[in-house]
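**Student:** Given these sequences and hints, build the entire structure.
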Amino acid sequence: MDSEGKILEQCSGGGANIAILGVKESANKIVQFLKEASKKATFTFPLTALGLGLSGAENEEANIELVNCLTENFSDIASSFFITSDSIISIASVFETSGIVLIAGTGSACRLLKKDGSIHSVGGWGHLISDEGGAIWLAIRACKLIFDIEDGLVEVNNSSDMLKQIVFDHFNMNHHVQIIDILYGTNFDKANLASICKEFAEKGKDDKLIQSLFTEAGQKLAEQLVAISKNADDEMLKNMPVLIVGSVFSSWDLIKDGFESTLRKNAKRRNYQKFTLYKQDVSPAVGAIRLAAKKTGQQFAMNVPLNVFAQIIFD
Numbered sequence: 001m002d003s004e005g006k007i008l009e010q011c012s013g014g015g016a017n018i019a020i021l022g023v024k025e026s027a028n029k030i031v032q033f034l035k036e037a038s039k040k041a042t043f044t045f046p047l048t049a050l051g052l053g054l055s056g057a058e059n060e061e062a063n064i065e066l067v068n069c070l071t072e073n074f075s076d077i078a079s080s081f082f083i084t085s086d087s088i089i090s091i092a093s094v095f096e097t098s099g100i101v102l103i104a105g106t107g108s109a110c111r112l113l114k115k116d117g118s119i120h121s122v123g124g125w126g127h128l129i130s131d132e133g134g135a136i137w138l139a140i141r142a143c144k145l146i147f148d149i150e151d152g153l154v155e156v157n158n159s160s161d162m163l164k165q166i167v168f169d170h171f172n173m174n175h176h177v178q179i180i181d182i183l184y185g186t187n188f189d190k191a192n193l194a195s196i197c198k199e200f201a202e203k204g205k206d207d208k209l210i211q212s213l214f215t216e217a218g219q220k221l222a223e224q225l226v227a228i229s230k231n232a233d234d235e236m237l238k239n240m241p242v243l244i245v246g247s248v249f250s251s252w253d254l255i256k257d258g259f260e261s262t263l264r265k266n267a268k269r270r271n272y273q274k275f276t277l278y279k280q281d282v283s284p285a286v287g288a289i290r291l292a293a294k295k296t297g298q299q300f301a302m303n304v305p306l307n308v309f310a311q312i313i314f315d
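Quick note: the sequence shown, position 100, residue 100 per our numbering, numbers continuous.
Here are the computed distance ranges between Cβ atoms for each label pair: (1) GLY126 x LYS238: 30 to 36 angstroms; (2) GLY297 x LYS144: 48 to 54 angstroms; (3) ASP234 x ASP257: 26 to 32 angstroms; (4) TRP252 x LYS35: 40 to 46 angstroms; (5) ASN73 x LYS144: 45 to 51 angstroms; (6) ALA227 x GLN311: 18 to 24 angstroms; (7) PHE168 x GLN311: 36 to 42 angstroms; (8) ASN192 x GLY15: 15 to 21 angstroms; (9) VAL177 x ASP281: 43 to 49 angstroms; (10) GLU202 x SER3: 42 to 48 angstroms; (11) SER250 x LYS35: 35 to 41 angstroms; (12) PHE168 x PHE43: 49 to 55 angstroms; (13) LYS35 x PHE171: 40 to 46 angstroms.
Simulated from the structure, these hints should not be mistaken for lab results.
Nothing here was measured: the structure is a model prediction, and the numbers come from that model.
For every residue, glycine included, the Cβ atom is placed at its ideal position computed from N, Cα and C.
**Tutor:** Shown next, in the form of structure tokens:
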């Protein structure tokens, strides 16, 4: 993009997770991708600034190390480099100075970007210890509930037949013990397991037990907002701007009650007055460019219209 927000070139390719690839391999992969993109582009190197929003870029020390690696070895690519996580560039793509992103896709995470550039985090640490309210959490929660009911550990007032039938059909099985191989087998497929939530929402939306799972998911997602609100300044507490991202929000009617009730229950304790939820209408890459331009003092005049999804006001 140029300084007025005009797209000069747009392309896609493989990811570069710094936590998995490491600094040197990530740097090489980024540069290789840029050089390939430049072959058919209208821009020339070096770029004034290069903004990167990478998966796994949650460690500021590692981010600085990657910036230094790029600066020392690839100054012909860009005059300045800026690196942050993919969640932070999502915030910056919609909000010019500060805001929150709440992600509920396969996993879940909440991030706050403040005006001074500081970042605060809640969740997003993987399905073994985190991801509450995300699709993988909801799927595992459903599987556990089936076992708990069968084992007699919990008693439910509503039939579990629909829940079991959807799980059995999805994985082509006829007994709940077969779920063990799905969860612990060598062919564990996180995306496939999480995808069952779409079937829960479509086939089980009128089922009381499945409804309760989505209500709980809404509660867990709202708890992340409650937790991160302690880092908000007084101005933001008047109207908390939240970008919502991820497939779970497609089931808003199912998670809404749990989501809103949890926010209301904690409003006085956390002193927030209003939440405004927004949907994303532009590429997160806009946020990477905006942050990179800000770092170098460059002008970036792109105006992004806000798309309000919902507002929750507290007395």
